[in-house]
Amino acid sequence: MRSRGALEELGLVLSILLGVLLTYYLVRADVVSLTYGNIPLANLYLRAVPDPSSPFTSRSPEVVTSVIWDQRGYDTYFETSVLFIAIIGVLYLAGYGGGQGNSSVSTVIPRVIAKILFPVIVAVSVSVALHGHLTPGGGFQGGSIFAVAPFLYLLVFGRRMLEGKGFRANALVFARSLAVFLITVVGSIVLVVGLLTGVPAFLFQNQPKPQLSPIGYPAYVVLPWGGIFLFSGTLMILNVLEFTAVSTGFTLALVIIDTVTGGRE
Amino acid sequence: MIAEALFYLIVFAVGVTIGVSIYGIIVRPHIVKKLVLLTILTDAANVMAVLFGYYLRAISPPVYPGGSLEDFAFPSSAQLREFSSISVDPIPQVLIVTAIVIGLAELIFLSLVAYNIGVNYKTLMINKLEVEEE
Chain A
3 MRSRGALEEL
13 GLVLSILLGV
23 LLTYYLVRAD
33 VVSLTYGNIP
43 LANLYLRAVP
53 DPSSPFTSRS
63 PEVVTSVIWD
73 QRGYDTYFET
83 SVLFIAIIGV
93 LYLAGYGGGQ
103 GNSSVSTVIP
113 RVIAKILFPV
123 IVAVSVSVAL
133 HGHLTPGGGF
143 QGGSIFAVAP
153 FLYLLVFGRR
163 MLEGKGFRAN
173 ALVFARSLAV
183 FLITVVGSIV
193 LVVGLLTGVP
203 AFLFQNQPKP
213 QLSPIGYPAY
223 VVLPWGGIFL
233 FSGTLMILNV
243 LEFTAVSTGF
253 TLALVIIDTV
263 TGGRE
Chain B
72 MIAEALFYLI
82 VFAVGVTIGV
92 SIYGIIVRPH
102 IVKKLVLLTI
112 LTDAANVMAV
122 LFGYYLRAIS
132 PPVYPGGSLE
142 DFAFPSSAQL
152 REFSSISVDP
162 IPQVLIVTAI
172 VIGLAELIFL
182 SLVAYNIGVN
192 YKTLMINKLE
202 VEEE
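Quick mapping for you: the protein sequence lines, in order, are chains A and B. Take the first sequence: its letter number 135 is residue 137 in the numbering used here, and every next letter is one higher. Take the second sequence: its letter number 113 is residue 184 in the numbering used here, and every next letter is one higher.
In short, the hints are calculated from the structure, not lab data. One or more hints might be untrue.
[Unchecked claim] Derived Cβ-Cβ restraints for the label pairs, each shown as a range:
hint	chain 1	residue 1	chain 2	residue 2	range
1	A	S83	B	Q150	18 to 28 angstroms
2	A	N172	B	A116	30 to 40 angstroms
3	B	V118	A	I111	10 to 20 angstroms
4	A	I111	B	V107	44 to 54 angstroms
5	B	S156	A	L16	40 to 50 angstroms
[Claimed, not checked] In silico EDC-like cross-links for lysine to aspartate or glutamate, where the CA-CA straight-line distance does not exceed 20 angstroms:
hint	chain 1	residue 1	chain 2	residue 2
6	A	K117	A	D53
7	B	K104	A	E10
8	B	K104	A	E165
9	B	K193	A	E11
10	B	K105	A	E165
11	B	K199	A	E10
For every residue, glycine included, the Cβ atom is placed at its ideal position computed from N, Cα and C.
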C-alpha cells in the first residue's frame, strides 16, 4: 500500500513536469509569444474575408463566423453531425420518453428570478445568433447561451413546467433534425444549381468566386424603401439553423438526463 | 514588463493544469472524477489555444469594426492590412468554438454511460468493476 502511494506521487510529479515542459517548448518555439505577430494563414483570413475583391471573400466583417461557415464549412458540418449523433446516442441509452414529472420544491425567490431571467437569456441568445455575421458570436454561442434558460426552469420548476412551455422531447428531436437537414440543403443548393445550369460550383459555397465559379448567394438585399439588409450570404442563414440545432440539442440532453436520473427529489 | 510576466505566468499555470488533469484522468479510479478532470483538460487546452493567438500589439478582436445590418463600408486593402496587424489570430477561436460543442456532446454521452454503470454495477470505481469470466 505504501509503495502504491509513492507511485502515485511520482506520477503527480511527472505530470507536473509534463506541463512545465509543454509550456517551456511552446514558449521556446514562439507558439506562445508576445512579440511574434499573426501567422500568414491568419493574415490571409483577416485580409480576405471582409474584402469584396478577394476570391475568398464572405462579405462579412466577422472573421470567426465566416471561417466557421464558409472557409471551413465541411468541418463545421460534420462537427454538427457529431453533436447530433451524440444526442441520438443519449436517447438510445436513456430509453426516450416516459418518466413522471415531479412537483417543484423551490421557494418564491428562485421562481421570480427564473421568470425574470428567462426572457432576458432568450433575448440575448437570439441577438448573439442573429448578429453572428456582424459582431462576436454566432450560432454555437447563441445556442449554448439559450440552453441556460430551460436549464434554469428545469432546476426551479421541474420538468412538467418545462414541457408545458413547449419543450417536449418529440418537438425538440423534430426541430433538431430539421435544422441539421436544412443545413445540408443550404450547403448543397449552390452545387445543385451549378449542376443544373452547367457551371462549376462547390459544396458549402457562399459568395461567387471569380474565375472558379460565377454563382453564389447574394451578400445583401436592397429593401423597397432604399436601404440594404446585409446578411453575408449563407452566414446568417446557417447561424440561425445552427442556433436551432445547438439550443434544441442541449435542451433535449438536459431533459433526457433529468428523466433518467429522476429529476429533483 | 509586469504584463509579460503575468502572461507567462498564465501560460505556465495552464500548462501545469493540463499536466495535473492528465495525471488525474489516468490515476483516479472514480469515473465522475475522471469526467470532471476531462472537462478541466478540455478547457485548459482551449485556454492554451486562445493564448496562441494573442500578442502585445493585438488590441482588436477578429471583427472588422463598423458593421451593422443596414450598412457596412467594405474596407480597402490598406485598411485591411492595418486591421490584420492589430487583430488577434482568428484560427484558434474557430477551432475552440467547435471543440467546445464537441466536448459538451462527449460529456453528455459519457455521463449517461457513467450513470448506467452506476445503476447496473452499484459502483463507480473503475478498480471495483470486475469482468465475469466463464
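Hint check results:
1. A:S83 <-> B:Q150: 18 to 28 angstroms: violated, 38 angstroms
2. A:N172 <-> B:A116: 30 to 40 angstroms: holds, 36 angstroms
3. B:V118 <-> A:I111: 10 to 20 angstroms: Since the Cβ atoms of B:V118 and A:I111 sit about 34 angstroms apart, the hinted range of 10 to 20 angstroms is violated.
4. A:I111 <-> B:V107: 44 to 54 angstroms: violated, 29 angstroms
5. B:S156 <-> A:L16: 40 to 50 angstroms: The hint (40 to 50 angstroms, Cβ to Cβ) holds, given that B:S156 and A:L16 are roughly 41 angstroms apart.
6. A:K117 <-> A:D53: Roughly 44 angstroms between the alpha carbons, so the hint for A:K117 and A:D53 is violated.
7. B:K104 <-> A:E10: Distance ~16 angstroms between B:K104 and A:E10 Cα, so the pair holds.
8. B:K104 <-> A:E165: Roughly 32 angstroms separates the two Cα atoms, so the pair is violated.
9. B:K193 <-> A:E11: violated, 29 angstroms
10. B:K105 <-> A:E165: Between B:K105 and A:E165 the Cα gap is close to 33 angstroms, so the pair fails against 20 angstroms, i.e. violated.
11. B:K199 <-> A:E10: holds, 18 angstroms
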